Amino acid sequence: MAKNKQVEWRYRHDGDPASFEQDAELAALMQLLARSANVQPSPQFQRNARRQLLEKLPARASPEPSWLAYLRNLWQQGQIPQRTALAWMLLLLFLFTTLFATGGAVYASADALPGQALYPVKLGVEDWRLWLTEDSLARGQMHLTYADRRLGEMEQLLATGNAAGIQTAADRYIQHTNQAQAQLAPAVANAGVMALTNTSQQTFTHNELALVSLIRQAPPESWGSLNRAYATTANAREAAQVVLLTAAADDQERAQLQLQFANERLTLAVALADLGRTTDLNQVLADYSQRVELASALIWQTDVADGLLADWGVLLSHHDLVLAEVAQRAPIAASAAIAHAREVSQTGRQVVEAIRTGEEIPGPPVQTGPPVDPPVGPPVDPPVGPPVDPPVGPPVDPPVGPPVDPPAGPPIDPPGGGRPPWSTEPGGPNPGGGQPPWHGGPGGPSRP
Amino acid sequence: MWLNQASTEEKQLIKKAAAGDKNAFGDLYVAYLQPIYRYIYYRVGQKEEAEDLTELVFLKVWEALDGYEHRGVPFKAWLYRIAHNAVVDNYRTQKDTVALETQWSLEDGAQGPEATAMANEREELLRQALLTLDPDYQEVLVLRFVAGLSHADVAVAMGRSEGAVRALQYRALGALRDSYAEQQQRIM
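Chains as they are written, first to last, in my numbering: chain C, 84 to 531; chain H, 15 to 202.
Pulled out of the complex, with its shape left as it was, chain C reads as follows (with noise of 0.2 Å):
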């Protein structure tokens, strides 16, 4: 009823979401979900909070530093000589006068861009603040403002069409992005080191969105530049996700971590079907099926609670509609990829299913793309995935120009490493002796 219900919905509205608006029934949702919206932090929390937080900020720039303070206890306690006093204050005057001319330039190169007068201290200031920075977590999130920063600035060049500026912009943002990476394999993975990681993470995912929308809007000679900052993002992105995938408490966790990448995933795989990118859009898309396997045989051999069981399932359904989109966009040359990855997240969602049920999984086993590698981490090495079509847009890979690093993080082993498919640990036994761990077949494996 509810399933005949949505399709109706979906007929009526099909083609221009827009529509949605003038349904008299969702507009009257719409309506009551702004009317319900009406919460409020508690009197007592709203009449203490100003002062609460502000008590809790630390100190940025302070309005008189400490020096300041102590020479004006001495002169008021008449501690300091006249004469000291006027040679102290003419010293002060020098000071404040080259401070002045020096912060009103550091003041002004905020704004600047690759080929200004001013970038070059906008530069400096940004290295000297690095420079002063001794905590590696501190820097390796200044690394991600600054990458974030030169992100800006290419954005602003595009306008100009300034290739030679966006090159600079790009060198400097593989920097900051492969220093900020850096940052994310240290002996110890504290708390610090995962949050940061965390963030790393969803910046780089967020940055590699954002390179595709440059990649689109920018003339073929930045094409090359552009190309490495995305290779290196994606490398950053993907050693930070194995960081993450290895620290995980347990295999739930690191489903749900799998689940979450490969959501996102999708998200540029949306983008680059928008931008005509096939081979990019294949490597993502076989990257988005390894990810959802893999999580499937967790969650398969994993004691799952059953609403997340159920968040799981939603988000594979969910999937299986953006994956239609992205077919609708896409060109032909990504059909196999899709129709793969879509058998791959509807039998993940058989998977989801069987465990709440109890059933058995029919059909046959979902192994049917390319031989996957990593057991935790996502693939470097380009997909074997179907043959694709030369790009027809700007071109996203392979990148032109100087080599990027290797990512800093774990070692991910090379294409056909001996692991086998659906092994979840490095190194470890086949459960399912080249087919998934839930094969229901006569000596399959059964389900722990």
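Any given hint could turn out to be false.
[Stated by the list, open to error] For each label pair, taking beta carbons as the anchor points, the in silico distance ranges come out as:
| hint | chain 1 | residue 1 | chain 2 | residue 2 | range |
| --- | --- | --- | --- | --- | --- |
| 1 | H | K25 | C | G441 | 53 to 61 Å |
| 2 | H | N37 | C | Q411 | 46 to 54 Å |
| 3 | C | A330 | H | I201 | 40 to 48 Å |
| 4 | C | K139 | H | R106 | 18 to 26 Å |
| 5 | C | L392 | H | T22 | 49 to 57 Å |
[As the list claims (entries may be wrong)] With a straight-line Cα cutoff of 27 Å, these simulated DSS-like cross-link-like pairs (lysine-lysine) come out:
| hint | chain 1 | residue 1 | chain 2 | residue 2 |
| --- | --- | --- | --- | --- |
| 6 | C | K139 | H | K29 |
| 7 | H | K74 | H | K30 |
| 8 | C | K139 | H | K36 |
| 9 | H | K61 | C | K139 |
| 10 | C | K139 | H | K30 |
It is worth saying that the hints were derived from the structure and are not from the lab.
These numbers come from a predicted model, not from an experiment.
By construction, the Cβ of each residue, glycine as well, lies at the ideal position given by its N, Cα and C atoms.
Assemble chain H onto chain C, guided by the hints.
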């Protein structure tokens, strides 16, 4: 007024706060406290936790503010993006101990048990229906209709394209409609 468009006054406050002016930051906090709290509350479903997270979000904003540049990204959208990340982090650390569904408090706006039941029944059903949706669906609906963000701002907050947000909202509303109908059937 700030919540609809960045005023000059807001820009000045951001500039001052980025330079280390705590009072300016306090003013920004007061201006955005309720919408950010509301967004977080709808995502975590528990008052005290939402209050703690709201404060945490603004502490993170303070730390990151000197890296914020306008560059066409509205401050509000940037703020929601930090809030989104905080909620995701919080969900990841909490998910092993407490199921999200159990955290919803039913007493919001209550003047008594009967009044609550009468006045909030539909809203409560809607909240429950919202909770059954995929996290991305919840996110887009809360940002659009509870927080009142534009498609462009939601796109920034969620790190997606505007077109993807429209498509996501389209599917999310369909899912919410079905889930809401199921919730209604359940109590009949």
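Could you check the structure against the hints above and give me the numbers of any it violates, in ascending order?
none
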